[in-house]
Amino acid sequence: MDTLYLIANTAFQALVMGFIYAALALGYNIVYRVSKAVNLAEPEIVVFTAYVVFVLSAYYHVPIPAAFTLSLALGFGVGVALERLLARPLRGRPVAALMAATLGAYYVLRGMSMVVSRGFEMGSLGLPETYYSIGPVRASLSDFIAICVSLSVIVGIVLMHRYTRLGIAMRAVSEDAFGASAYGLPVTVLTMLSWGIAGVVSAAAAFALAAKAQVSPMLDFYAIKALAASLLAGLDSIAGVVVGGLVLGFMEQFGSLALDPILPGLGNQLAFIVMLVVLLFKPYGLFGTERIERV
Amino acid sequence: MASKHLLEVNNIEVVYHPYILVLKGISISVPRNSIVAILGPNGAGKTTLLKAISGLIKLERGKVTKGSIIFDGEHIENMEPENISRRGIVYVVEGRRIFKELTVEENIEAVAFAWRRSSRDADIVYKYFPRLKAKRKVRAGYLSGGEQQMLAIGLALLAKPKLLLLDEPSLGLAPKIVAELYQNIRELYEEEKLTILLAEQNARKALEIADYGYILENGRIVLEGPAEKLREDKDVREFYLGVTGRKGYRSVKWYRRKKRWV
Amino acid sequence: MIGLAGQISLAQGALMGVGAYATVYLAEALHISILVAIPIAALFTAFVGVFLGLPSFRLKGYYLAMASIAAQMILEYMFSVIDPDQYTSVPENLKAFGVMQLSMFPMQYYVVLAYAILATLLAVNLGRSAIGRALKAVGDNDVAAEIVGINVVKVKAIAFGISGFYAGLAGGLYAFTVSGIDWTAFTLDTSIEYLAMVLIGGPGRIIWGSLLGAILIRTGWSLLETNLSDMLAALGMSVLASAPKYVVLGSIVIAFLVLEPEGLIGILRRVKEYFRLWPYSY
Amino acid sequence: MVSKAVYAGIAILIIVLVVVAGLLMLRSQPSMHVSPTTTPTEAGVVAEKRVIRVPVGVLVDLSGPTSGVGRDYAKGVEAAFKYFNEKGVYTRDGVRVVFDYWVRDYAYNPTRAEEFYREFRDKYGVWAIIGWGTADTEKLSDSAARDHIVYISASYSAKLVVKPYNFFPAPDYSTQACAAVRWIASKKPGARLVLLYDHNAAYSRSPIPAIKAYAAKVGVNIVGDVHLPLKATEADAEKSIREAMAKNPDYLWCGNTIRSCALAVKAATKLGAKGMFVINVWGFDERFPELAGKGSYGRTAGVSPFRYPETVRDSEGYRMLVEAMKIAGYSDKDVGSMLRFAQGFLNVWLLVQAIERLDSTTLVKGKGAAIKQALESSCQGEPFDFGGLAPPARYCPGRHLAHTTVWIVVLGEDGRLHVEGPIEVTDFDCVKATLEAGG
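Chains as they are written, first to last, in our numbering: chain W, 45 to 339; chain C, 45 to 306; chain U, 12 to 293; chain B, 9 to 447.
Don't read these hints as lab results, they were simulated from the structure.
Bear in mind that the values here come from a model prediction, so they are computed numbers and not experimental data.
This list has only true hints and no planted wrong ones.
Per the computed footprint, the stretches of chain U lying under chain W, defined by three or more beta-carbons under 8 Å from a beta-carbon of chain W, are:
id: 1; segment: 76-89
id: 2; segment: 201-208
id: 3; segment: 260-268
Note that beta-carbon positions come from the ideal geometry of N, C-alpha and C, so glycine has one too.
I would like the entire structure built from these sequences, with the hints used as guidance.
Set out below in structure tokens:
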């Protein structure tokens with residue numbers, strides 16, 4: 045087969061997956077910026093919101109865009125609830141406590157997803173099947189949806205942080221919550237809002253992911269993999285997730301292309317090897333600030 | 045209701061999570077439109093007192109366990125820090141707490157967001173600290189120490205404070221910059237009709253602009269009085285102003301016989 | 012197990028798997044009794060544990076959580092490669108010790124109990140030793156511990172070694188009690204469950220806390236699981252059988268972390284204190 | 009502060025205790041909810057009726073990786089128990105049998121399965137278990153034999169054929185796969201076949217040795233052996249399909265579960281790959297056309313040892329399924345795949361038929377062992393009949409291979425399922441090939 049065809053298509057899929065990973069990673073990073081903890085409940089937020097879209101559209105015949113919007117709202121609600129119930133009471137306590145608490149939330153959300161999904165019914169979102177040929181690349185509508193959704197979320201968040209006063213205030217809080225609160229910034233509200241936005245981002249990423257991988261409880265696996273993108277970018281980096289996600293996407297696609305004949309399945313686990321390597325040699329990632337506490 | 049004093053701290057005790065008693069029965073009062081200085085060595089509890097007033101001890105699991113803090117006729121002890129700052133107490137934290145990753149302009153935007161101030165209001169910062177105007181696109185982290193302190197105070201101004209809490213503004217600054225800074229603070233105080241509570245180790249500078257002073261040691265107030273009186277006090281002169289009136293510390297090793305009031 | 016030195020580890024399930032597979036392969040390769048292979052495999056797991064802990068030698072606890080997730084997933088993959096059929100049988104003849112056949116019900120139970128008692132004794136004494144105190148110091152504040160002159164890296168390495176050792180021991184014992192091992196028993200979910208045990212039991216009290224947590228979760232979980240399943244089945248909603256279990260367990264973990272960080276042990280101690288002082292509240 | 013925490017602590021303890029106590033109380037009530045012990049239909053017979061209560065454990069996956077298919081299967085099992093309890097099951101000598109059953113979600117985790125197995129055995133003393141997956145069933149097979157518990161699973165692994173207490177009303181995976189190979193050979197002699205499956209999953213791997221052995225025999229060329237992860241995304245599936253396309257196959261065997269196979273077919277459509285997909289039993293059912301999209305029409309076929317219920321609507325078995333659904337309170341909407349539902353139902357039905365062949369004393373005395381005897385009595389005698397849903401089943405001691413009849417269900421251009429077959433592989437022992445390949 046044509047090498048160009050192979051490389052171009054693999055690269056395109058890597059790009060799509062890369063943007064999805066980037067959006068998932070962004071969810072982690074937004075939370076990390078304000079609470080200095082990794083939100084381990086995010087994988088289940090992804091499953092939960094993906095199921096909400098699926099159940100609404102498949103059983104209640106809500107049009108997909110409306111169901112998607114609803115899931116975004118729900119993601120926001122879940123994020124805010126997590127902040128209110130976990131992050132705020134645990135403020136001032138070791139970060140490990142908050143992370144452990146998010147694990148508790150992981151369980152709760154899994155139970156909730158089961159209820160919503162009526163016992164994990166599986167399904168596809170039923171997006172129209174349209175295919176395009178762009179040069180050697182074959183693309184489908186779901187590819188474009190995945191790219192558009194994840195990219196617009198990332199760009200939106202970056203622009204917000206850069207140019208709106210709200211975003212600038214959030215950056216201030218993420219840099220120094222104590223100082224921000226001294227200047228009268230509504231730190232509590234901004235923190236809550238950040239968690240909420242992280243929830244929205246996760247819900248959007250969940251939709252993009254569902255477009256590419258159907259709706260199933262396994263979606264949490266990809267969200268865990270996205271931790272690698274998040275670390276690679278640096279946990280407190282916003283725009284860096286694009287690079288982190290793309291590196292991960294390319295590594296995974298080309299990695300499994302090369303490795304599957306030797307060790308089947310290793311390519312899909314490369315994310316975790318990346319995670320370990322980053323943690324060992326460059327724990328603050330490519331774009332993270334080096335303020336991370338060292339021993 | 046307007047009492048003579050804008051702020052009254054009555055006999056408070058502060059405990060850090062959960063058992064460490066830091067302040068032991070402190071009372072101070074700050075009259076409207078005055079500068080009150082709190083002096084004392086490192087670790088005396090100056091910062092804790094300011095944090096207790098501003099509510100920020102909550103973020104560090106601290107708590108006011110006894111006594112009351114009354115601001116403008118209202119009890120504010122153990123309130124959420126945001127609610128306190130909404131009432132007009134703004135705390136300029138020790139060590140030039142600004143947002144180093146943000147540009148000067150963004151620093152101002154962020155605080156202006158909190159107070160819903162328009163950009164025109166924000167010009168007040170540049171008015172008092174014209175040095176900052178030239179550096180509005182510079183990341184705050186790259187400013188000099190004095191500029192950072194100016195920015196910090198400028199940010200506090202955006203909150204239109206009734207009471208400004210300044211914590212060690214002179215810390216780590218060259219004497220020349222300190223002089224300029226204190227000049228600016230004085231101007232501010234006069235033109236904006238502010239009330240300032242100032243915590244300082246640099247007692248000489250502080251007493252230059254203050255009206256009244258408290259001296260804090262080991263979480264207790266050991267001495268208080270009008271600034272000019274403190275300036276004259278023998279012990280204060282000896283221990284805080286470094287004026288010994290003797291032959292010079294070299295021969296006396298004054299620090300070894302440093303007297304404690306407690 | 013996990014509460015050591017204030018770190019969160021989410022690779023405990025995989026470490027258990029390392030212990031289990033190592034036990035079986037060792038016993039088979041060397042033709043020794045599994046009972047002999049268990050401690051050796053546990054030592055091996057201890058080394059793996061130290062290796063996994065490497066990133067956290069330089070970094071704070073929550074980075075270890077991430078490193079351990081990665082390690083868990085990589086180990087899971089490695090298991091799936093060495094055991095693709097998801098069944099590695101544990102030969103019955105290797106379960107004997109000398110002439111004693113130990114795999115039947117009462118003997119099996121005694122063997123596990125003996126190991127458990129030994130392990131607990133070891134842990135209790137460890138807590139009292141210099142190493143134990145150093146571990147606690149590092150857990151509280153590693154920077155401070157370093158200033159006091161504790162070799163933080165060494166102590167952390169020991170901590171990971173110990174936690175690996177115990178996980179390996181657990182894995183080995185598990186292999187001893189079953190007819191075949193299967194890597195899906197050592198997944199991330201397993202790790203999370205162990206962490207939940209410790210968190211509920213009381214993270215500060217390594218031994219009794221984990222023990223209490225383990226007992227409570229095991230019994231509580233299975234009570235919840237069976238009763239709720241039956242209840243929901245009666246209501247004709249058995250597809251949701253597992254949902255309440257997750258919600259309840261997750262809520263309990265959160266409640267403990269938020270309201271009672273010292274876990275059940277903390278509650279017990281305070282209740283004890285309360286009744287000791289009763290009826291005077293001070 | 010401290011006292012508040014004490015109260016909170018006490019409150020939590022009390023709540024925990026109350027919950028535990030409540031659960032214990034619930035537990036202590038015998039599970040009578042299953043069905044009434046006397047049937048009003050037999051009015052007039054005033055005499056005290058003897059009822060045999062048969063305890064059965066049910067292991068299903070409702071929250072794990074196979075829950076997508078496990079859910080409808082579990083519903084089928086449950087509905088079957090309700091159906092038979094209500095309709096009445098009688099031993100040969102006319103004694104009423106009522107099933108007590110306990111459903112446990114083991115989330116596809118064999119360790120959990122083992123825990124539940126102990127619960128079933130020690131707490132309820134079950135005589136039979138309706139089980140689910142390959143790894144757990146294989147793991148528990150020796151225990152089941154030792155404890156004399158009849159184990160009817162949804163895993164059709166070849167290894168279970170030779171286990172004394174394991175049964176399933178279908179041919180094993182490798183026999184099914186061999187039938188698929190035969191079907192391919194009959195369509196196109198010398199066809200090029202690529203195998204797509206997860207190289208690290210027991211279920212996906214299990215029929216592969218038999219396929220390879222039988223393909224060589226009937227002249228199907230296996231030209232590729234491609235890894236397709238169970239946890240695939242479209243991107244992963246595309247990668248596998250591209251690799252397969254390079255081999256230019258006429259047919260592709262997809263040995264994974266439905267989600268993964270649907271993605272593979274979708275990817276093939278997208279990339280314009282040629283070749284017909286033949287999909288393993290758990291990878292294809294009525295939901296496939298919807299999951300894989302229109303592109304799968306006319307190019308996909310599923311292997312099935314059962315008649316798809318929708319294709320045999322006028323059969324006795326279908327009538328029973330519908331009634332069971334009604335009794336269990338399920339509407340059409342509640343059941344995603346009737347095939348999976350039927351698979352659950354059939355497993356229970358097999359148990360019921362075995363019990364119906366026993367007389368009451370043998371059953372009560374022999375329990376699981378007696379049921380096993382009854383199941384194996386079909387070797388020489390009458391086979392078990394499933395009302396047209398599946399071919400009659402016979403079990404012989406040492407070789408519990410129900411039958412070797414397999415259908416190929418082709419998804420036509422019109423988007424409907426067309427059944428081809430039945431196909432029987434008589435010239436090759438696929439079970440043996442599998443067992444020899446990986447003991």
